Amino acid sequence: MSGWTTAFRGIAWRETLRFVNQRGRFLAALVRPLVWLFIFAAGFRAVLGLSITPPYQTYVLYEVYVTPGLCAMIQLFNGMQSSLTMVYDRETGAMRTLLVSPFPRWFLLGSKLVAGVIVSLLQVYAFLLIAWVWGIHPPPAGLVAVLPALVLSGLMLGAMGLFLSSAIRQLENFAGVMNFVIFPMFFASSALYPLWRMRESSVLLYDICRFNPFTHAVELIRFALYLQVNWLSLGVVTGCLALFFGGAVLMYDPARGLGIRRKGG
Amino acid sequence: MTTRPALLVRNVSHSFGATRALEDVSLTVPRGGFTALLGVNGAGKTTLFNLVTRLYANRSGAIEVAGHDLRRQPTQALRRLGVVFQSRALDADLTVQQNLMYHAALHGIARAEARPRVAEVLAQVDLDDRAGARASALSGGQVRRAEIARALIHAPELLLLDEATVGLDVKSRAEVLALTRRLIAEHQVSALWATHILDEIDPSDGLVILHRGRILFTGTAGEAATAAGGDLTRAFLDLTGVQA
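Residue numbers (full-length UniProt numbering), protein chains in the order written: chain G, 1 to 265; chain F, 1 to 244.
Hint data in this document are derived by calculation from the structure and do not stem from the laboratory. Honestly, I wouldn't trust all of these hints.
Ranges of calculated distance between the beta carbons of each label pair, as one might list FRET restraints [unchecked claim]:
no., chain 1, residue 1, chain 2, residue 2, range
1, G, L27, F, P30, 31 to 41 angstroms
2, F, N11, G, E172, 49 to 59 angstroms
3, G, L27, F, E113, 30 to 40 angstroms
4, F, A57, G, Y59, 57 to 67 angstroms
5, G, Y125, F, R182, 25 to 35 angstroms
6, F, P116, G, F211, 49 to 59 angstroms
7, G, L122, F, T28, 24 to 34 angstroms
8, F, P30, G, S2, 26 to 36 angstroms
9, G, I39, F, A57, 29 to 39 angstroms
10, F, S87, G, F211, 50 to 60 angstroms
11, F, R31, G, G239, 31 to 41 angstroms
Derived contacts from chain F toward chain G, CB cut-off under 10 angstroms, selection only [said to hold, decoys possible]:
no., residue
12, V83
13, A104
14, P116
15, L183
16, R214
17, I215
18, F217
19, G219
Derived list of chain F stretches under chain G, where covered just means 3 residues or more per stretch with a C-beta under 8 angstroms from a C-beta of chain G [to be verified]:
no., region
20, 92-102
21, 168-177
22, 226-235
The structure presented is a predicted model; accordingly, all values stated were derived computationally and were not measured. Cβ atoms here follow ideal geometry from the backbone N, Cα and C, with glycine treated the same way.
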């Protein structure tokens, strides 16, 4: 096994251990979308009418509509959790172990990103299994076809988390990320309601939702789950992945000195 | 190639905005020796370490680790470097053994090779009975010993220790220092030991005095002391102008 593979496996193993050691994190990641599915969706089913929009070929229950959005929500929170651990590692000093590795920064960050996506996939499939039992039945082949879409959206949202972590100086600032990144991204998207509904309320909001990368992550997952490809969303998600990851690598470059806190001595 | 120094720093300067942290710093750590980097808090020791470990990018002058230029050959240079940071850098969620295995992986050492090596270095720092303990459960002295073991895992040629005894009681401090001296002899590794405690320096040690970002003395501690009538403290105070 080459040193590169060993290093990647080491980072993936570290991320998995962190996840296993924090069982509450797995539970929280699972309970959050389930609350939306079991309670929120049940309440909104009666209120919110859905027309037939692609990829659906017939009227669908609200629970069916929100399921792809909730998959993306798991990945959004997982990406932010990774970001949080990067900030925590920087505060406790553990990140320096990673950064003084002889492997290039882009590889170290990329390995961490991929490891985080693997963890998020476990969470999403556990959610889809429970949703299946609840009566959400996409085509069985869709559960396989959605995997590449989940990988891509997980990478994009994880890369966004990495990028944000380079700019967050203290753990205390993370509440701001919740308020100014996670909630607006989630609510101003097609995760909970189709965009045509949004246009009826406000054209400006509709445009914001259309340009929100999270909307495209949701649509990529939604279409893949029903064995279709949304090419626009595929392009936007891929482009945003390149942009966020490139930004993260740039921000963690030693020349910028942002990987660690400045400390004299 | 055999005479290349473990560390060569040539005309390195570094600033944080308008604040000049290092000014034209040059120093050499010879192979197989113990060199003390002496300076008061804020002298620039940690900044220099962050440049050598590439946590900060070096924009001026040159840094070579075992003959490998840090800018042009960062991978080769960092492979030859073992680091003990000033503040604790063990992963508190992991056990001691897991911390060392993780570090080995980050240096590309496969698990089969790393496992016996981890057991070996933990025995050397007398922590083999704490291998399964969480890092968060260790005492200050044990954390330092674990970090020294971790720094040796990938058989570096140069060990950087940034105020490795800070925060330890007198007994633990003496133990960590003695352990480091024994290990660098056994592993035939060179060491740059940053400190502000003069008691930690032996007359035969190499000595670099850094003050306000500038090098004021390079030589041996014995030479510095001789110049001040045999008193290293006096020599340090005279050179730096610091009031006793």
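Here is how each hint holds up against the structure:
no., hint, verdict
1, G:L27 - F:P30: 31 to 41 angstroms, "violated, 56 angstroms"
2, F:N11 - G:E172: 49 to 59 angstroms, "violated, 40 angstroms"
3, G:L27 - F:E113: 30 to 40 angstroms, "holds, 37 angstroms"
4, F:A57 - G:Y59: 57 to 67 angstroms, "holds, 58 angstroms"
5, G:Y125 - F:R182: 25 to 35 angstroms, "violated, 52 angstroms"
6, F:P116 - G:F211: 49 to 59 angstroms, "holds, 55 angstroms"
7, G:L122 - F:T28: 24 to 34 angstroms, "violated, 51 angstroms"
8, F:P30 - G:S2: 26 to 36 angstroms, "holds, 34 angstroms"
9, G:I39 - F:A57: 29 to 39 angstroms, "violated, 51 angstroms"
10, F:S87 - G:F211: 50 to 60 angstroms, "violated, 42 angstroms"
11, F:R31 - G:G239: 31 to 41 angstroms, "violated, 50 angstroms"
12, V83, "holds, 6 angstroms"
13, A104, "holds, 8 angstroms"
14, P116, "violated, 16 angstroms"
15, L183, "violated, 19 angstroms"
16, R214, "violated, 15 angstroms"
17, I215, "violated, 16 angstroms"
18, F217, "violated, 19 angstroms"
19, G219, "violated, 23 angstroms"
20, 92-102, "holds (count 6)"
21, 168-177, "violated (count 0)"
22, 226-235, "violated (count 0)"
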